[in-house]
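If you're matching them up, the sequences are chains A and B in order.
If you're matching positions, the first sequence starts at 1 in our numbering and goes up one per residue.
If you're matching positions, the second sequence starts at 1 in our numbering and goes up one per residue.
None of these hints come from the bench; they were simulated from the model.
A hint or two may mislead.
Restricting the straight-line Cα-Cα distance to at most 25 angstroms, the calculated cross-link-like pairs of lysine-lysine (DSS-like) are [stated by the list, open to error]:
(1) B:K41 x A:K257
(2) B:K41 x A:K101
(3) A:K257 x B:K32
(4) B:K51 x A:K257
(5) B:K41 x A:K267
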Amino acid sequence: MEKTRRLSRFLDPKLLASLSAMEIRAHTVVEGMVEGLHKSPFKGFNVEFSEYRQYVPGDPLRDIDWKVYGRTDKFYIKEHEEETNLSGYLVMDTSGSMSYKGQGSMSKIDYASTLAASLAYLMLKQQDSVGLVTFANGLRKMIRPRTGMAHLKAVCNELESTAVSETTNIGASLDLVGQTMKKRGIFILFSDLMDNADVIIKKLRQLRTRRHEIVLYHVLDRDEISFPFDDTTIFHDLEDESEIVTDAFQLRSEYLKRVRQLMNTFKSALRKSGIDYLVADTSMPLENNLRSFFTRRQATGAR
Amino acid sequence: MSFASPWFLFGLLGIAVPIYLHLYYRKTPVRKDFPSLRLIKLSVEFVARRKKMRNLLLMILRIITIILVVMALSRPFIGQSASARSSSDTPTAFVVLLDNSMSMGCTHQGISVFNTAKSRALDILEQMQPGDRATVGLINDPGRLIFSQLTWDKETLQKSVGNIPLSMSGTNMASSILPALKLLVPLQAYRRAVYVITDMTESSWKPFIEKYDLAKVEPGIDLIMVPVGGAAPENMAIINLEAEAPVIMTGRQVPLKVTLANHSQRSRRTRITISINDERKLEEDIEVEANTVKDTRIMATFAKTGMNHVSAAIQSDAMPFDDQRHLAVRVFEPCRILLIKPDSTAGQPENREDIFVKFALNPLNRSKDNNFAVESRSTEEARASDLKKYAAVCLINQRHLDLELIKRLSDYLMGGGNLITFMGNRVEPEWYNKNLIDDLGGSYLLPARIYKRVGNAVSRSVDYQMTDLDAGHPAFSIFARDGSGDPGRAQIFEFFQVRPNPTAMLLARMSHGLPGIVEEKRGRGRSMLITFSADTSWTNWPVRPTWLPFLHQTLISMITANELAIGTIRPGMPVSATITSEEARELALKMPDDNQVKLTVQTGAQGLVHFSTRDTDQNGYYEILAEGGKQILSAFAVNPPAEESLLDRINLRQIPRFIPLAHEAGRGKSVKEKVSLLRDGYDLSGAAMLALMLLALFESWFANLPTARRVD
Numbered sequence: 001m002e003k004t005r006r007l008s009r010f011l012d013p014k015l016l017a018s019l020s021a022m023e024i025r026a027h028t029v030v031e032g033m034v035e036g037l038h039k040s041p042f043k044g045f046n047v048e049f050s051e052y053r054q055y056v057p058g059d060p061l062r063d064i065d066w067k068v069y070g071r072t073d074k075f076y077i078k079e080h081e082e083e084t085n086l087s088g089y090l091v092m093d094t095s096g097s098m099s100y101k102g103q104g105s106m107s108k109i110d111y112a113s114t115l116a117a118s119l120a121y122l123m124l125k126q127q128d129s130v131g132l133v134t135f136a137n138g139l140r141k142m143i144r145p146r147t148g149m150a151h152l153k154a155v156c157n158e159l160e161s162t163a164v165s166e167t168t169n170i171g172a173s174l175d176l177v178g179q180t181m182k183k184r185g186i187f188i189l190f191s192d193l194m195d196n197a198d199v200i201i202k203k204l205r206q207l208r209t210r211r212h213e214i215v216l217y218h219v220l221d222r223d224e225i226s227f228p229f230d231d232t233t234i235f236h237d238l239e240d241e242s243e244i245v246t247d248a249f250q251l252r253s254e255y256l257k258r259v260r261q262l263m264n265t266f267k268s269a270l271r272k273s274g275i276d277y278l279v280a281d282t283s284m285p286l287e288n289n290l291r292s293f294f295t296r297r298q299a300t301g302a303r
Numbered sequence: 001m002s003f004a005s006p007w008f009l010f011g012l013l014g015i016a017v018p019i020y021l022h023l024y025y026r027k028t029p030v031r032k033d034f035p036s037l038r039l040i041k042l043s044v045e046f047v048a049r050r051k052k053m054r055n056l057l058l059m060i061l062r063i064i065t066i067i068l069v070v071m072a073l074s075r076p077f078i079g080q081s082a083s084a085r086s087s088s089d090t091p092t093a094f095v096v097l098l099d100n101s102m103s104m105g106c107t108h109q110g111i112s113v114f115n116t117a118k119s120r121a122l123d124i125l126e127q128m129q130p131g132d133r134a135t136v137g138l139i140n141d142p143g144r145l146i147f148s149q150l151t152w153d154k155e156t157l158q159k160s161v162g163n164i165p166l167s168m169s170g171t172n173m174a175s176s177i178l179p180a181l182k183l184l185v186p187l188q189a190y191r192r193a194v195y196v197i198t199d200m201t202e203s204s205w206k207p208f209i210e211k212y213d214l215a216k217v218e219p220g221i222d223l224i225m226v227p228v229g230g231a232a233p234e235n236m237a238i239i240n241l242e243a244e245a246p247v248i249m250t251g252r253q254v255p256l257k258v259t260l261a262n263h264s265q266r267s268r269r270t271r272i273t274i275s276i277n278d279e280r281k282l283e284e285d286i287e288v289e290a291n292t293v294k295d296t297r298i299m300a301t302f303a304k305t306g307m308n309h310v311s312a313a314i315q316s317d318a319m320p321f322d323d324q325r326h327l328a329v330r331v332f333e334p335c336r337i338l339l340i341k342p343d344s345t346a347g348q349p350e351n352r353e354d355i356f357v358k359f360a361l362n363p364l365n366r367s368k369d370n371n372f373a374v375e376s377r378s379t380e381e382a383r384a385s386d387l388k389k390y391a392a393v394c395l396i397n398q399r400h401l402d403l404e405l406i407k408r409l410s411d412y413l414m415g416g417g418n419l420i421t422f423m424g425n426r427v428e429p430e431w432y433n434k435n436l437i438d439d440l441g442g443s444y445l446l447p448a449r450i451y452k453r454v455g456n457a458v459s460r461s462v463d464y465q466m467t468d469l470d471a472g473h474p475a476f477s478i479f480a481r482d483g484s485g486d487p488g489r490a491q492i493f494e495f496f497q498v499r500p501n502p503t504a505m506l507l508a509r510m511s512h513g514l515p516g517i518v519e520e521k522r523g524r525g526r527s528m529l530i531t532f533s534a535d536t537s538w539t540n541w542p543v544r545p546t547w548l549p550f551l552h553q554t555l556i557s558m559i560t561a562n563e564l565a566i567g568t569i570r571p572g573m574p575v576s577a578t579i580t581s582e583e584a585r586e587l588a589l590k591m592p593d594d595n596q597v598k599l600t601v602q603t604g605a606q607g608l609v610h611f612s613t614r615d616t617d618q619n620g621y622y623e624i625l626a627e628g629g630k631q632i633l634s635a636f637a638v639n640p641p642a643e644e645s646l647l648d649r650i651n652l653r654q655i656p657r658f659i660p661l662a663h664e665a666g667r668g669k670s671v672k673e674k675v676s677l678l679r680d681g682y683d684l685s686g687a688a689m690l691a692l693m694l695l696a697l698f699e700s701w702f703a704n705l706p707t708a709r710r711v712d
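Construct the complete structure from the given sequences, taking the supplied hints into account.
Right under this line is the structure:
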């Protein structure tokens with residue numbers, strides 16, 4: 001009962017019901033063991049048409065397209081792509097800064113975990129495999145991708161039990177994740193990106209060159225986006241415990257400018273590399289973020 | 001800077017408020033967790049710099065605001081003068097120096113420059129406040145303060161300015177500026193100023209600023225220049241008039257040298273009119289190039305003996321006072337000279353020892369139109385002559401003279417005659433010393449006692465030259481100029497050794513130091529002793545070119561020595577002379593306007609009297625009259641200084657320390673307002689109020705300028 005309650009903390013049935021009609025479609029063809037909704041690079045039956053090629057001796061005769069032969073007097077083989085299952089890697093930043101909770105009801109880590117669990121559920125439901133990686137200053141925990149709804153429990157348990165602490169070292173952590181995950185799949189990274197932007201972009205591009213599909217959720221609290229402080233304030237860093245005294249009112253415009261710059265930097269740099277960059281504002285309903293994920297996926301899939 | 005309400009300056013302490021706010025005012029901060037300070041730290045670095053600048057600027061604006069408030073309330077006055085830096089309730093001590101030199105006599109745009117200057121002086125005096133002290137001075141040559149002490153009586157000062165006449169004299173800046181400064185230096189409790197109202201002629205200012213370092217004038221004294229007269233007008237002037245003859249005889253042509261100066265940028269033609277004794281006699285047209293001086297000579301003949309008034313005039317221009325110049329000349333009858341030569345020995349040819357003197361005095365042997373009418377007589381003939389008819393008598397190598405002739409010569413000499421005695425081989429020293437000196441007592445004839453002969457005129461083995469010539473004596477002054485010859489080059493083979501009398505003057509020595517030529521004033525006459533011969537028996541001087549001018553100059557100086565010669569002076573210069581009491585009966589000075597002023601005489605020793613006068617302010621011809629105007633004792637001319645005709649203006653920047661107070665009628669502030677501004681300075685309170693308003697608006701806008709968007 002207790003476990004069920006904790007699980008439901010991340011799996012809002014109402015939310016998940018609203019998403020049930022959605023399909024997770026990988027953008028590129030990935031290798032999979034289970035036939036699903038995803039396109040497969042391999043030939044198969046009852047699959048979607050891929051291309052025509054000239055017949056060569058040894059090809060099965062059933063693959064010859066007779067209609068084309070009737071028009072051209074030449075044998076062409078009709079090739080198909082087979083639907084296959086997807087490996088999803090949920091990569092969760094568990095550094096100290098993710099514990100921040102502003103005016104909203106959820107901290108950044110809670111919000112990101114809920115989002116990750118929701119995605120895990122949906123992927124598992126359509127027979128895809130899901131794994132989980134947590135990191136902060138380095139890699140903390142890794143759950144290999146598996147299929148089956150029973151695996152959801154393990155993922156949720158891990159999300160729930162991971163305590164946030166330490167500073168962020170995204171670059172090193174992504175290196176380790178990349179080395180570990182040999183099989184091509186979709187990486188969904190949840191982080192507030194409190195690290196060197198250039199390093200993060202560089203490491204994500206490296207992962208992308210290994211033909212991984214990458215989605216980056218930039219998790220930000222409303223306070224970080226709007227900086228709603230007016231007074232002279234002692235700001236306390238949740239990662240390294242440092243403090244700074246400043247007039248928040250006077251700092252505001254400069255801070256907001258830098259935040260916008262940072263988000264634009266990620267957005268433009270990552271999109272050029274085919275990496276989806278999504279901002280997860282913790283004050284917004286989770287549904288919106290999931291919808292934007294799927295809308296984005298569908299848009300790129302139609303491309 | 002001075003303040004009308006200086007106690008408001010304590011308000012400047014209020015500056016401490018914005019400084020306190022800037023340095024110490026801080027809000028109590030609240031503590032707030034934040035995911036990461038990475039971006040905040042980067043922003044803080046940038047914002048801190050901007051905030052620092054903004055806060056500093058705000059503090060400065062607030063300080064300036066407070067200063068302006070205090071300034072506006074304390075009513076500051078600022079000005080370039082030292083007076084403006086003093087408190088506004090400090091009384092003022094000032095001197096108004098009015099240039100009334102001749103150059104101020106010209107007109108500018110049809111208005112008399114001098115009248116304009118007087119008007120400026122009255123305007124300055126009008127600004128005199130109760131408690132102020134002032135005096136008025138004149139700038140001419142020599143300048144003076146009308147009131148030697150400062151006075152509070154404004155009305156008297158204004159009246160005195162109204163009565164100041166234009167002087168015909170030059171400009172001596174030092175003679176009025178220095179006494180004015182001397183008067184003001186001790187008055188430390190006053191605001192002090194010297195106002196100089198002048199046409200700023202370069203010729204008067206340049207010598208002054210070259211000689212005196214105005215930068216050393218006490219900084220607390222304002223030197224204020226009030227220029228009048230505008231740009232220099234074109235001016236043509238007669239700057240000199242003189243007769244080029246050492247002595248002027250009736251009927252003889254005399255060159256009159258007229259010097260004209262054209263102080264303009266174009267060549268000008270004019271007509272010179274020469275008048276003698278107010279009768280137009282001669283006219284001559286002359287063209288003078290731009291900015292040049294030109295001499296011209298006009299031959300004139302005088303008919304009247306005694307003092308004559310010569311004037312030269314040109315057409316009048318913007319400066320009328322230098323268009324006429326005067327000259328007083330004394331004209332003599334042709335001089336009769338008596339040469340008493342040695343008697344001829346029976347059976348011998350006529351003695352010709354006088355020939356060189358005779359030739360020198362009348363080279364062309366003319367019976368008329370010659371300065372000197374020379375008569376050569378033997379002693380016998382001389383005894384019968386009336387010596388009073390002769391201007392001078394020359395005794396030439398006489399052995400013995402008749403005692404009666406000696407007596408008559410002595411009377412002639414003491415009565416104003418002139419005697420020149422030449423030595424020679426006939427001269428017996430004992431007889432000369434006894435009869436011409438010792439036996440005559442106080443009426444002796446010779447200026448020196450005669451001793452032995454020196455040298456040998458027969459062998460001519462040794463020759464002597466004259467040295468130590470008295471260049472100050474008219475007989476030798478002509479030789480002081482280069483190219484006029486040197487009497488010292490003449491050879492003298494034999495001469496008498498003499499010992500000059502105590503009152504005698506030694507005009508020349510022989511090359512080994514013995515006296516050569518001796519002169520002594522005897523009674524009203526003069527006696528000269530030449531220790532060698534008048535012919536070539538003892539010397540070759542009579543055949544040298546310097547012989548003739550020597551004799552001419554000697555005789556002219558003797559003839560004119562007894563005349564009271566004053567010549568030409570500048571306006572305002574004193575004239576004084578010592579004359580015998582016989583001449584000094586009822587002395588009067590007749591001025592150019594025909595007014596006569598009685599001259600006061602002071603009795604001196606030896607029957608001499610002294611008179612002096614300063615009534616020489618007018619240009620023109622003056623006569624000194626005796627015996628109630630019946631006799632003209634002497635005359636002189638008063639002419640303006642030549643440099644006053646040069647009206648070029650000096651640039652004010654060349655004159656250190658002076659603050660200009662220029663004014664052009666109908667333009668800008670009045671003279672009174674300018675004087676007031678110079679004394680009190682500009683009232684800055686209005687400007688401070690305006691600046692305060694603008695600054696307050698700016699400060700208000702700047703302080704409320706949002707540095708970031710507030711959270712809605």
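Here's how the hints hold up against the structure:
{"no.": "1", "hint": "B:K41 x A:K257", "verdict": "holds (13 angstroms)"}
{"no.": "2", "hint": "B:K41 x A:K101", "verdict": "holds (20 angstroms)"}
{"no.": "3", "hint": "A:K257 x B:K32", "verdict": "holds (21 angstroms)"}
{"no.": "4", "hint": "B:K51 x A:K257", "verdict": "holds (17 angstroms)"}
{"no.": "5", "hint": "B:K41 x A:K267", "verdict": "holds (23 angstroms)"}
Of the hints listed earlier, there is not a single one the structure fails to meet.
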